[in-house]
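Chain order of the listed sequences is A and B. When you line the first sequence up against our numbering, it's residues 14 to 194, in that order. When you line the second sequence up against our numbering, it's residues 7 to 455, in that order.
For the record, the hints were derived by calculation from the structure and aren't laboratory data. Owing to the predicted nature of the structure, the values given are computational and were not obtained by experimental measurement. Do not take every clue at face value.
To be clear about the criterion: a stretch of chain B counts as covered by chain A if any three or more of its residues have a C-beta under 8 angstroms from a C-beta of chain A, and this derived list gives those stretches [as the list claims (entries may be wrong)]: (1) 8–17; (2) 45–51; (3) 85–99; (4) 181–188; (5) 254–260; (6) 337–348.
Each residue gets a CB set at the ideal place from its N, CA and C atoms; glycine is no exception.
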Amino acid sequence: MSEKTILKFSDETAAIAKKIVARYPEGRHKSALIPLLHLAQAEFDGWLSVPAMDCVAEFLSIQPIEAYEVASFYSMFNLKPVGKCTLEVCRTSSCWLNGAEDIVRHLEKKLGIKEGQTTADGMFTLKTVECLGSCGTAPMLQCGGDYYENLTLEKTDKLVDSLRAEGKARVYTNDNPVNID
Amino acid sequence: MGKKILLANDHIEGIRFLDTYRKHGGYASLEKALKSMTPEQIVEEVKTSGLRGRGGAGFPTGMKWSFLAKPEGVPRYVVCNADESEPGTFKDRYLMERIPHLLIEGMILSSYALGAKTSYIYIRGEYFYVARILEQAIDEAYAAGLLGKNILNSGFDLDLYVQIGAGAYICGEETALLESLEGKRGNPRIKPPFPAIAGLYGCPTVVNNVETIAAVVPIVNEGGAAYAAIGVGNSKGTKLISASGHINKPGVYEIELGVPVEEFIYSDEYCGGIRNGKKLKAVVAGGSSVPILPTELILNTAAGEPRLMSYESLGDGGFATGTMLGSGGFIVMDEDTSIVKNLYTFARFYHHESCGQCSPCREGTGWMEKILHKILHGHGTLADVDLLWDIQSKIEGKTICPLGEAAAWPVAAAIRHFRKEFEDFIRNGEHVNDVKHYYRLNNLTAPIN
Ligand SMILES: Cc1cc2nc3c(=O)[nH]c(=O)nc-3n(C[C@H](O)[C@H](O)[C@H](O)COP(=O)(O)O)c2cc1C
Ligand code: SF4
Ligand code: FES
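If we strip away everything but chain A, and leave its shape as in the complex, we get (with noise of 0.2 angstroms):
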């Protein structure tokens, strides 16, 4: 047996943590549990892996199968490898009704990958995703932080391509603080 990979939070992610544990009262620290795999996601690689939800746990004194049987209930916790970026495509009702499905079978085409699958160069996971509450402004897909919206083929080309440049999503940090509009 291989000895059993132990992860820890860097210290300024701990740093965040403790922040987030602070806003509950006395003795009702497991209430950071969701924000704190949310954490845990973005540090290490995108996924929650055993020893990733092992470092939860252990940061907030439970066992290990509470943040088990948490992560595997929300469906933004990926139990699996991922690629940099996830393309989420919503499938409910009104995206659907504006042609959702061309821009999933577009972007299996281009990217060569099934719905579900992950590039071979690990850069791209394409899913689709329930109501992201962008119904007015569909058909849209999540990548990272950010909403992509009133998306047609050509921009969905555009951002597959700007994305592949960049080489990650943008995710919204205390350093980066969302500047819209």
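Knowing the structure of chain A, use the given hints to seat chain B with the ligands on it.
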């Protein structure tokens, strides 16, 4: 032009930031409340306003607030429901993204009125960038003495935090939301006890929708009576409608409750009519959970009265001929829309989102999706329509939370009003206007465009 209360200033540049928000009257309501009103007076104004919960169920907010238990020495919580995952609904996102301080001001007012010292805004994880916008606004509010200790020298203290979810529609159900906020799976709780008695951490808790809490700001500012003067019948005030689908101008519209549906769909002030000059076929008026109605029943009630955008008028006729205002997610479908296919996306959604605690919901949503999938792929039989009807009828009233019903109602309504289309689909494949999709769904070689 209808009167706008929540979105009166949404197009002002920089309204997202505290100084601009204040320049346009922001936080005047809070100053007024903290200087001159008792918490009880605020609850009274909210009762007078006739405000009903904007999250979907339409429960009177003032009444909900007055149910809140107040045992000595036990903390109370106000939790804002910003989970917004009902397909077709995107108004809360718009409000939070454009005018975050309106929600924050509403949270401070509500917390003051209900005696909460710590409050949370629970927002769906996918709205991560919106959560950041809210957090940036909350930081501004702390720096200006609008949050924290001794707010505006009133002696009132409040801490406000944003909690992000992680992708689960069920966490919009208030008790599932509280479970999630406690760091657990989003399994709804059996009620009673209601959150007003035992909510977050077992303490008395009020859960309200983003729009409901934002509406407290104008209600305190102008008085409950002024709010109640807008609207019709028991549908007071304004409502944010998320309009999407085959319309010329999709978007979020603030309407005075009582606007005729026909005006809402066709006037340039709102949806601007059906796209590409097509005819209207059907509308889902209040988010995916409410019954779909065909053109003749959405524009007019069964009695021939013009249908209005109000709780009562949309509900007129019950589920036989009416629907619900719900969350205000207004999805418009043109004549080329396949009702069968649209229903399939809903059934798949509910199956995906069922938490799995109750067999009728867990199994029923699975079967409904499977049968619709089978029909869509050209393998349906006429008996499948009856089977669908049978399954949906066995969910309602037999589950812990209303998601079961929310999954059953769209299926029931689609069959009730469009049975023939299901039968035609089964006999002939998808109707001619949508033939491209028929080929695609069946993985047949046909031109993609
Ligand atoms: C399955 C399900 C999903 C729900 N989703 C939401 C939601 O996303 N946002 C919301 O405000 N209410 C939602 N609700 C309603 C809440 O349970 C609750 O009634 C509401 O937050 C109360 O606030 P209000 O009275 O201000 O509307 C949902 C209910 C159910 C059963
Ligand atoms: S009705 Fe469905 S979602 Fe609600 S508790 Fe039961 S299984 Fe879970
Ligand atoms: S249906 Fe796609 S964002 Fe709502």
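Results for each hint:
1. Counting residues of the region 8–17 of chain B whose CB falls under 8 angstroms from any CB of chain A gives 0; the rule of at least 3 is not met.
2. Note: the region 45–51 of chain B has 0 residues with beta-carbon separation from chain A under 8 angstroms; the three-residue rule is not met and the coverage is violated.
3. Restraint check on the region 85–99 of chain B versus chain A: 9 residues with Cβ-Cβ distances below 8 angstroms, three needed, restraint holds.
4. Figure legend: the region 181–188 of chain B, annotated as covered by chain A; annotation consistent (3 residues with Cβ-Cβ distances under 8 angstroms, at least 3 required).
5. Remark: the region 254–260 of chain B is confirmed as covered by chain A, as 3 of its residues place a Cβ nearer than 8 angstroms to a Cβ of that chain, reaching the required three.
6. Given a C-beta distance limit of less than 8 angstroms, the hint that chain A covers the region 337–348 of chain B holds, as 5 residues qualify and 3 suffice.
This entry does not satisfy hints 1 and 2, going by the numbered hints stated previously.
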